[in-house]
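J.: Chain by chain, the residues:
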Amino acid sequence: MLDLYLFQLLNGLGLGMIYFLIAVGLTIIFGLLNFVNFAHGAFFLLGAYLCYTAVAITGNFWLALLIAPLAVAALAWAVERLLIKRIYHLPHTFQILVTLGIALIIQEASVLIWGPVGKNIAVPPELRGVLILGDFIYPYYRLFLIGFAALIGLGLWLLLERTRFGALVRAGSESTETVSLLGTNIFRLFSLTFALGVGLAGVAGVLFAPLRGAQPFVGPEILGIAFVVVVIGGMGSFGGALVGGLLVGVVQSMMSSLWPQGASLMIYGAMAAVILVRPYGLFGRA
Amino acid sequence: MSNKTALPMGLGRTPALLLLVLASLVALPLILPSATLATEILIFALAALACNLLLGYTGLLSFGQGIFFGVGAYGAALLMIHLKWGMLGALFGAAVFGAFLALLVGALAIRRTGIYFVMLTLAFSQMAYFLAYTLSGWTGGDNGLLDVPRPNIEIAGHVLVDLADPRHFYVFVAVLFLLIFAGALRVIRSPFGSTLLAIRENETRAAAIGYDTRHFKILVFMLSGAITGIAGALYAMLLHFAPLSNIDLMMSENILIMTIVGGTGSLFGSLLGAGAIVVLGDVLSELWPRWLMLLGAILILVVVFMRGGLWGGLAALGKRLLASRTADDKAPAKTKETL
Numbered sequence: 001m002l003d004l005y006l007f008q009l010l011n012g013l014g015l016g017m018i019y020f021l022i023a024v025g026l027t028i029i030f031g032l033l034n035f036v037n038f039a040h041g042a043f044f045l046l047g048a049y050l051c052y053t054a055v056a057i058t059g060n061f062w063l064a065l066l067i068a069p070l071a072v073a074a075l076a077w078a079v080e081r082l083l084i085k086r087i088y089h090l091p092h093t094f095q096i097l098v099t100l101g102i103a104l105i106i107q108e109a110s111v112l113i114w115g116p117v118g119k120n121i122a123v124p125p126e127l128r129g130v131l132i133l134g135d136f137i138y139p140y141y142r143l144f145l146i147g148f149a150a151l152i153g154l155g156l157w158l159l160l161e162r163t164r165f166g167a168l169v170r171a172g173s174e175s176t177e178t179v180s181l182l183g184t185n186i187f188r189l190f191s192l193t194f195a196l197g198v199g200l201a202g203v204a205g206v207l208f209a210p211l212r213g214a215q216p217f218v219g220p221e222i223l224g225i226a227f228v229v230v231v232i233g234g235m236g237s238f239g240g241a242l243v244g245g246l247l248v249g250v251v252q253s254m255m256s257s258l259w260p261q262g263a264s265l266m267i268y269g270a271m272a273a274v275i276l277v278r279p280y281g282l283f284g285r286a
Numbered sequence: 001m002s003n004k005t006a007l008p009m010g011l012g013r014t015p016a017l018l019l020l021v022l023a024s025l026v027a028l029p030l031i032l033p034s035a036t037l038a039t040e041i042l043i044f045a046l047a048a049l050a051c052n053l054l055l056g057y058t059g060l061l062s063f064g065q066g067i068f069f070g071v072g073a074y075g076a077a078l079l080m081i082h083l084k085w086g087m088l089g090a091l092f093g094a095a096v097f098g099a100f101l102a103l104l105v106g107a108l109a110i111r112r113t114g115i116y117f118v119m120l121t122l123a124f125s126q127m128a129y130f131l132a133y134t135l136s137g138w139t140g141g142d143n144g145l146l147d148v149p150r151p152n153i154e155i156a157g158h159v160l161v162d163l164a165d166p167r168h169f170y171v172f173v174a175v176l177f178l179l180i181f182a183g184a185l186r187v188i189r190s191p192f193g194s195t196l197l198a199i200r201e202n203e204t205r206a207a208a209i210g211y212d213t214r215h216f217k218i219l220v221f222m223l224s225g226a227i228t229g230i231a232g233a234l235y236a237m238l239l240h241f242a243p244l245s246n247i248d249l250m251m252s253e254n255i256l257i258m259t260i261v262g263g264t265g266s267l268f269g270s271l272l273g274a275g276a277i278v279v280l281g282d283v284l285s286e287l288w289p290r291w292l293m294l295l296g297a298i299l300i301l302v303v304v305f306m307r308g309g310l311w312g313g314l315a316a317l318g319k320r321l322l323a324s325r326t327a328d329d330k331a332p333a334k335t336k337e338t339l
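These protein sequence lines map, in sequence, to chains X and R. Residue 256 in UniProt numbering is what sits at position 256 of the first sequence, and the numbering runs on without skipping anything. Residue 225 in UniProt numbering is what sits at position 225 of the second sequence, and the numbering runs on without skipping anything.
Source of the hints: derived by calculation from the structure; they are not laboratory data. Keep in mind that the hints are not guaranteed to be accurate.
What the hints assert, rightly or not - Heads up, simulated SDA-like pairs for lysine to any residue below, C-alpha to C-alpha not over 20 Å straight-line:
id, chain 1, residue 1, chain 2, residue 2
1, X, K119, R, I298
2, X, K85, R, R307
3, X, K85, R, M306
4, X, K85, R, R290
Said to hold, decoys possible - Footprint (simulated), chain R over chain X, 3 or more residues, beta carbon under 8 Å:
id, segment
5, 230 to 236
6, 272 to 283
Computed from a predicted structure; not experimentally measured. For each residue, glycine too, the CB sits at the ideal point set by N, CA and C.
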């Protein structure tokens, strides 16, 4: 019985790391560009489908893990350049609505390209086995998932805290005007940051694909979960996205063995509870 | 503010606007191939109108309208099926359910403003969906709630209006629509409505003047929830069915898109938006199952190029026509310049 809980706890951590990657991308974009990307779930979906196609063509998951997120980021960069750039002067409501339109287009285009039934993606052969420790058995892929997502998270943290680009993103989140006046091409920074944030959703989509496959209508669900994570953790906080993501992942995973139908419901319940106690999230600034 | 609401041809005035609505209600079933389609338009126009009270008049972007729509549908259906409530009782019940859910969601979501409010409404919308999915004993879960009745209006056992006929049902919904439209118009032209506009324009200032803005926002949220609940109940009666899709996020998004395409901040625009999207969906969904893609594109185009929506476009057109006509009457020589 205890093994089952440990199993679900580890599952929850893996799921939580995926949620963290999604939410931290959302948070970075919000921090600098000051609007919430409602197409985030759709880009996640696209990452999973591109992984499917890349695996189908090259037969190599590792290549897909590299190509799919880059392709998603490239698309995001183009969308930012062509469309979102034109609406920065409008109130945030309109930016949200444009990204909602983008989400609908991506979702429907995915169904058009890959069909209305989900696609399965095989676990790469190198990670197909299970880890056996006495009575405890755990799949390698899920362990890899936790480790790889943690590595990406660490890399992102170093990028944001230790590089010139990261310093500009952080400074821009405080005041875009000042950064712009100091001679930085703020629009270039915007498109790069948007591509980075969305690319993280793409990575999450690829990592998620071998677990649940690529499902055409998963976008809104992922978006909803990402919002729960940032509401719990506080928008614009790296640590908040990590703690919020892990919390949501573990709650969902634990509940799925206690009350399977209610697992999704419980994460929203957890969110409501956090807002009641701390309206600004666990790590949010007022 | 008065400039923003000033419309050509005296349409800013209440009687003229209500006449326009009345004319549209008469014209709709004549233009459209079926009374059912016309009824569907009015139902979604009600939902869009309720959404407009939030977005257009208070500046609240809500992704939770599907919650109230779905709760109205389930609530009315359950009251009719299990408690044998009549038409008006069921609609009243749906309004109460909608308002109550709006109070619950509002009490939590309105604690936060701006972007958090938007995200919370979306999260609660997902929560309501999973709740409806989990409570399959009540809602039928994935299969939806079947055999929803459409009771006649009766007094002491005598059938006053037989609503089984789709045309009769249309007239009934049209009368309800007119009443609710007039009521909503009264609300937005009242001091309460002016306060909502003040909140939309600058919430900090409205609060500084001394208005308890949260109180106002929760009230308008409840009003919107009640109207959306009625719309949901009518939709369940129209289809004789309350599907799970009534309460999912796509419903919230649809209602929002109708509101924006019609014109935010114009109640009549909501009728235009609902009409355009429902007819488009009716025509296209058969031909092209992925027509939502087009809906996404339309949403983007409206936001980028035509933020007033259809109503804004028509109003601008009307203004130009009117300007050229009055120029004709008064100083014909000037016409060429204005054109």
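J.: So, against the hints stated earlier in the document, which numbers end up violated here?
T.: The structure breaks hints 1, 4; every other hint is satisfied.
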